[in-house]
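Asker: Given chain U, put chain B in place with the hints provided.
Number of protein chains: 2
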Amino acid sequence: MKKAEKTRLKIIEQSAELFNRKGFAGTSVKDIMEETGLSKGALYSHFTKGKEEIALTAFRHAVGVVYDAVGRRTRVIESSVDKLKAVIYYYRENIFTPPVEGGCPIQNTSVDANDGNPVLKSEVVKALTDWQERIIHTLNKGIESGEIRADIDKEQFAVFYIGAIEGGILMARAHDDDKYFDIMAKQILGRIEEIKV
Amino acid sequence: MKKAEKTRLKIIEQSAELFNRKGFAGTSVKDIMEETGLSKGALYSHFTKGKEEIALTAFRHAVGVVYDAVGRRTRVIESSVDKLKAVIYYYRENIFTPPVEGGCPIQNTSVDANDGNPVLKSEVVKALTDWQERIIHTLNKGIESGEIRADIDKEQFAVFYIGAIEGGILMARAHDDDKYFDIMAKQILGRIEEIKV
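Keeping their order, the protein sequence lines are chains U and B.
Numbers 1 to 197, taken from the working numbering, label the letters of the first sequence in order.
Numbers 1 to 197, taken from the working numbering, label the letters of the second sequence in order.
Take these hints with a grain of salt, some might be off.
As the list claims (entries may be wrong) - Computed footprint of chain U on chain B; a stretch qualifies when at least three of its residues, placed anywhere within it, have a C-beta under 8 Å from a C-beta of chain U:
| id | region |
| --- | --- |
| 1 | 21-28 |
| 2 | 38-51 |
| 3 | 107-113 |
| 4 | 116-126 |
| 5 | 182-191 |
Just so you know, these hints were derived from the structure itself, not from any lab.
Each residue gets a CB set at the ideal place from its N, CA and C atoms; glycine is no exception.
Bound conformation, chain U alone (with noise of 0.2 Å):
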C-alpha cells in the first residue's frame, strides 16, 4: 500500500470509531485531528469536502467493518437456519467487543442522523436495507433447500429481526448487562422455529 492509502486508510479507520462513539455532531475536524495526529490541511487534502466526507467514508467502512465480521463467521455455514441463528449468536457474544467501537454503527449513526444529516441518514437507509436485503437472501436460500416454509413474509421476518437485535442492543449496552440482548434473542430465535419447515 502506498503512504497516501495508508495514510486514508488510518483517517477512515480511527475516525470510524470516532463518530461511532460520539456522533456526527460530537465528533468536531479537531478530534480528527487529535486522534490521527494529522494536520488539518492533510485531512483536507483527502477528504476535500471535510467532516461530512469523512463522516460519510467512515460509515461506509464501520459497516463493512461488521459485516465482515459477521461474515466470517457465517460463511461456512451451509443452512439457511443456522446461518439465521449464527448471526444473533455473534451480536450476544459481542455487544460489548463490538467490531468497530461505540457498538452498532447502524443504530448509533441512525438515531444520530434523524435529525439534521440527509447525507448520513440515506446512508444509513442504504445500510439497513442491504441488511434486510441479506436476511431475505438468506430466506431464500432456505426456501429453495426446502428448510425454511415458502409461504412466510420474508420482509416481515427480516425487519422483526433487525428491530429485535437493535432493541436488544439498545437495552443490553444501556444497562451494561447482556440478559436484555439475550430476551430479544429469545423471541428471534422462536421465530426462526416458525419458518422452519
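Answerer: Relative to the frame of chain U, chain B by itself:
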C-alpha cells in the same frame, strides 16, 4: 408561577428538544443560549453546574412529558391487556409527531450517553427500569383481575415489549416509514395474545 420559575421551565423545555435532537455532545451551551435567548450568566444562575446539569434536568423532563402523554391515553382504560395495547397504538400514531421533538428521549439519550456521559447514562437506566416496572405493574393488575396468565415471565415480557418498541421506532424513523414500526407492533400484539388467560 414566578418569573424565575418560568425562565427555568423555558430553559428545560427548550433544551430538552435541543438535546433530544442533537445529543449531549452535539448541543453546546451556545446552542442553548441561542435557543432560549438567554445569556450564559442567566443560564448558569439557574443551573450552576452548566451543560451537564441542564442535560440531566432536560432528560428527566423529556421522559416525564412522554410518560404524561402516554398516561393521558391509558389512564381511562380498565383492562390491563387493553392498556398494554393502547401504548403500542400511541407510539404508532406519534412516531413522527413525538411529544418531545427528536423522537424517543430514552433511545436518543441511551445511544448518546453510552460512550462518555456516566451521569446521563445512569439516568437512562433509571428511566428504562421505571418503564419496565410500570409494565410489570400492569401485568400484575391483569393477573389479579384474571385477565393475564399468572405463570408468565413478567420481566421477559416487559423487556421484549420495550425492546421491540425501541427497535420499531429506530427503523421507522430511519426509513421515514411507519410500516417498520407496524411489523414490530404486530409481534408485540402477538405476545400480548399469548399472555391472555
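Asker: State for each hint whether it applies.
Answerer: Hint check:
Coverage of a stretch by a chain is defined here by at least three residues with a beta carbon nearer than 8 Å to that chain's beta carbons; for the region 21-28 of chain B and chain U the count is 7, and the condition holds. With 0 residues having a Cβ less than 8 Å from any Cβ of chain U, the region 38-51 of chain B misses the three-residue criterion, and the hint is violated. For the region 107-113 of chain B, the proposed coverage by chain U is satisfied: 5 residues have a C-beta within less than 8 Å of a C-beta in that chain, meeting the threshold of three. Coverage of the region 116-126 of chain B by chain U holds. Counting CB-CB distances below 8 Å, 4 residues qualify, and the rule asks for three or more.
Remark: the region 182-191 of chain B is confirmed as covered by chain U, as 5 of its residues place a Cβ nearer than 8 Å to a Cβ of that chain, reaching the required three.
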